[in-house]
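Chain W: place on chain R using the hints.
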Amino acid sequence: MARRIIAAADGAHADHALLEVEDLRTHFLTPAGRVRAVDGVSFELARGRTLGIVGESGSGKTVLARSIMGLLPRSNVQRTGAIRYSGNDISDYSQAEMRSVWGPEMAMVFQDPMTSLNPVMRIGTQITESLRYHLDMSKAEANELAVSLLRSVGIPEPDKRLRDYPHQLSGGMRQRVVIAIALACGPKLLFADEPTTALDVTVQAQILNLLDTQQRERFMAMVLVTHDLGVIAGRAHDIAVMYAGRIVEKASARTLFSSMRMPYTEALLESIPKLEHRSHTRLASIPGRPPDLINPPAGCKFAPRCRYVQPRCLEEEPPLTPGVDEGHVYRCFYPVGTEAGREALARNLAEGRVPVADEVETGVVVGGPAPGADLDEGSW
Amino acid sequence: MAGSGTAHLRDRDDIVLRVEDLTVEFPAGRGRKVHAVSGVSFDVARGETLGIVGESGCGKSTTGKAIMRLVPVAGGTVTFDGKDITSLSSSEMRRLRPDLQMIFQDPVSSINPRRRIGDVVAEPLDIWGRREEADAVVDRVLDDVGLDPAVARTKRRHEFSGGQCQRICIARALVLDPDVIICDEPVSALDVSVQAQILNLLEDMKERYGLTLVFIAHDLAVVKNVSDRVAVMYLGKICEIASPDELYHRPSHPYTAALLSAIPLPDPTVVPDTVALPGDLPSPLDPPSGCRFRTRCPRAADRCTTEEPTVREIAPDHFVACHFPLVGEQAPPSGATPVEVGSRT
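Each protein sequence line maps, in turn, to chains R and W.
Counted the way our numbering counts, the first sequence spans residues 1 to 380.
Counted the way our numbering counts, the second sequence spans residues 1 to 345.
I should point out that these hints are in silico values taken from the structure, not numbers from a laboratory.
Only pairs whose alpha carbons sit at most 27 Å apart, straight line, appear in this in silico DSS-like list of lysine-lysine: (1) R/K274 - W/K206; (2) W/K33 - R/K160; (3) W/K206 - W/K83; (4) R/K160 - R/K139.
Since this is a predicted model, take the numbers as computed values, not measurements.
Bound-form chain R, shown alone (with noise of 0.2 Å):
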C-alpha cells in the first residue's frame, strides 16, 4: 500500500486547496459510441467548505463524484485530467492505492441507504470494518468508537443499535448509519451524493442538519450532490450548476441566488413548485431533455433549451465568463439579467421562437440507449 497521504492537517499545504480537480474527463465506451459523462470539469475545495453540485438526472455530477472517488467501473471508462488532493495526484492511483484514500482521507454517503448497507451484516460490523482496517484498532476500541459515532449521528439506544441489522432501522435511521460508516475513520473530504432523494421531507431536514453540523465539527470539505436547488441553498458555501457534463456555472451560494446568469440555473430554480404561489399556478417547466452525450449539439449544450438563444448558440460553444462577483463563472452569450439576455429574449419572444413548456415532447423520442439524439432540433 505504497503511497500515504497526510493530509494538511498542520497547514503546512496551506497554498493549496485540499481538493484540486484540473480538466477532469470521463468518458464511457459503449457499442453506441463514446458518452462524455463528464467533459472538462475544473474547481478548487478548500477544508472547512461546502461545494454544492446541482443538476438533472444525466448531467454528470454523480459520475464526477465517483470519478473524483476512483469509484468507476474497471472497463471501457476513460478519465483524464488531474485530481489533486493536498497536493499529491492522485489521478493515476491503482485500486489498492486508492484503498488507503477511502476512510481516513475521502469517503462517500450514497443515496440509497436501503440498498448500500449489506443486510446480512450488523450494524456494528459494517462500521468497525473500516476502523479495524484503516485504523489497526481492536475489537473493543472499535466498538466503543461505533457506539459514539452512532451517537453523534443521534441515533438512540447506540449500543443496542450495533447488534441490529439495517432491516429494523427505518430509512432516516439508516441512512444515519450510512454517514457514521462514513465519518468512522475522520475523513478530510466528504461526498454526499443525493444523500436525502430517497427521504421523506421531515427526515430530509434532520439529515442536512446532521451533515451540516458534522462538517462543522469535523472540519471537513463536503461536496454535496443534489437535483434539487432547495436542498443546497442554505447549506453550500459554493454551488456548481452541471449541464451536459460540464459546470456551467459556479458561484458562492448567495451570488447564485441572487445574481445568476446561466438561463439553465434560471430554468431550474423557476420549475420547483414554491409554497408562496397561489395553489394552481403554472409552473414554469424546462422543456425537452437534457441532450444526448455521445453527440452534443455543437455550441451551447443547453441552447435547444434555452430561451434566450441565438443563432451565435448554436455555433459557438460560450466559454467559462467570470462574473462581477469573485469566483462567479458562467458559460452563456446571453446571461440572464444583462442587457444582452434581455435583448436577446425580447428578440426571441418578438419572433415567437421561444421553445414552448410541454409543446415541446411532442414528437421526441429517445431511440435506444443513446438518450435524446434528434429530440431538440425540433423544439426550435
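Showing chain W alone in chain R's frame:
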C-alpha cells in the same frame, strides 16, 4: 393528531367520492395488526383535486389503494357516484373501474417492458371490447399527453425517459375517459424540471377530460400547487383539512407546521429551520394512545395521551384534529413539555 370524526364532510350534490371512517389493517403475524389506515374520512367534489400529504408510512398510498379496492378494506365506506363500493363483488368492481383509474409512483416499473406502448395504452379499450376504435383513441390520447403517436406506438418502455414513461401511464389512465383518477406520488420519482412538466400536464388533462383527482404526495409544495383542498395525514389518521392557501398561511396542526418548516427553500439567505420534527414515525403495529402525533408533538399534554382529538372546524372550511391547535381559540397548554422521543423502529 389525529383524529377521527366526520365534521369536515360536506353535504353537497356534486360529491363524487366520499370516504367515511375508512379502516385498513394488515395482519402482521402472532395476532398483531398493522393499523395502516384508521378511520379516515374525506370527500371530493366533481372537478376538484384533493391532495393527500404525509410522510412515508402515514397510510396515504394505502388510502388510495383502498379506494380502488386494491387492498382489503377492514371497515368504513367508500361511496363513489352514490354507491358504496366496499361491498361490491369483484366483477361489479371491475365494471366500475373504467370510471376510477390510478396512476402509480414508479412510471417505469408500471409499464410492461416487453409490450409496445401502443398496446399498453390500448389494453383497457381491448378489455372493454372497443378494439375497432382503439387506434384512433390511442393516437388522440398519446397526442394529448405530449407524445408523438406515430413514433411512440411501436416503441417499448426502455426507449423512454422517466418523465415520458409517466406521460404514457397518464395516457393509459385517460384512455377510458374516467371520472376520477387517483395519482399515487406521480412525480416523486422524477427530477424537478420534469416534475414541473408532468404537473402542468396533469392540470391540462384535468381540464380537457373533466377529471376529479386525488393527488397523493409527500411534498407539500407540490400538493399545494395542484390541489383545491389538502388533507394532511399522520399514521393512518387525518390531521388537518383545508384549502391549500389557508393551510400554508395558517397551519393549525403542529404536524402541518412541522411539515411546512421542513421544506427546503431555494434561498440561501433563509437559515434552514432547526426545529425540524424529532424522531421517526412510531410503529403502526402499536400506535400511541390518544393522539397519534403526541410522541413527536412539541405541544403534547396529558390530555393528548388519554383522549383522541376529533376533527372540528376552527375557521370556515378549515378542519383540524388537535386539542391544542396553533390557530384558534385554544391557548397552548402552559407547562407542557415535549415528550422525549425515542426511535421505535
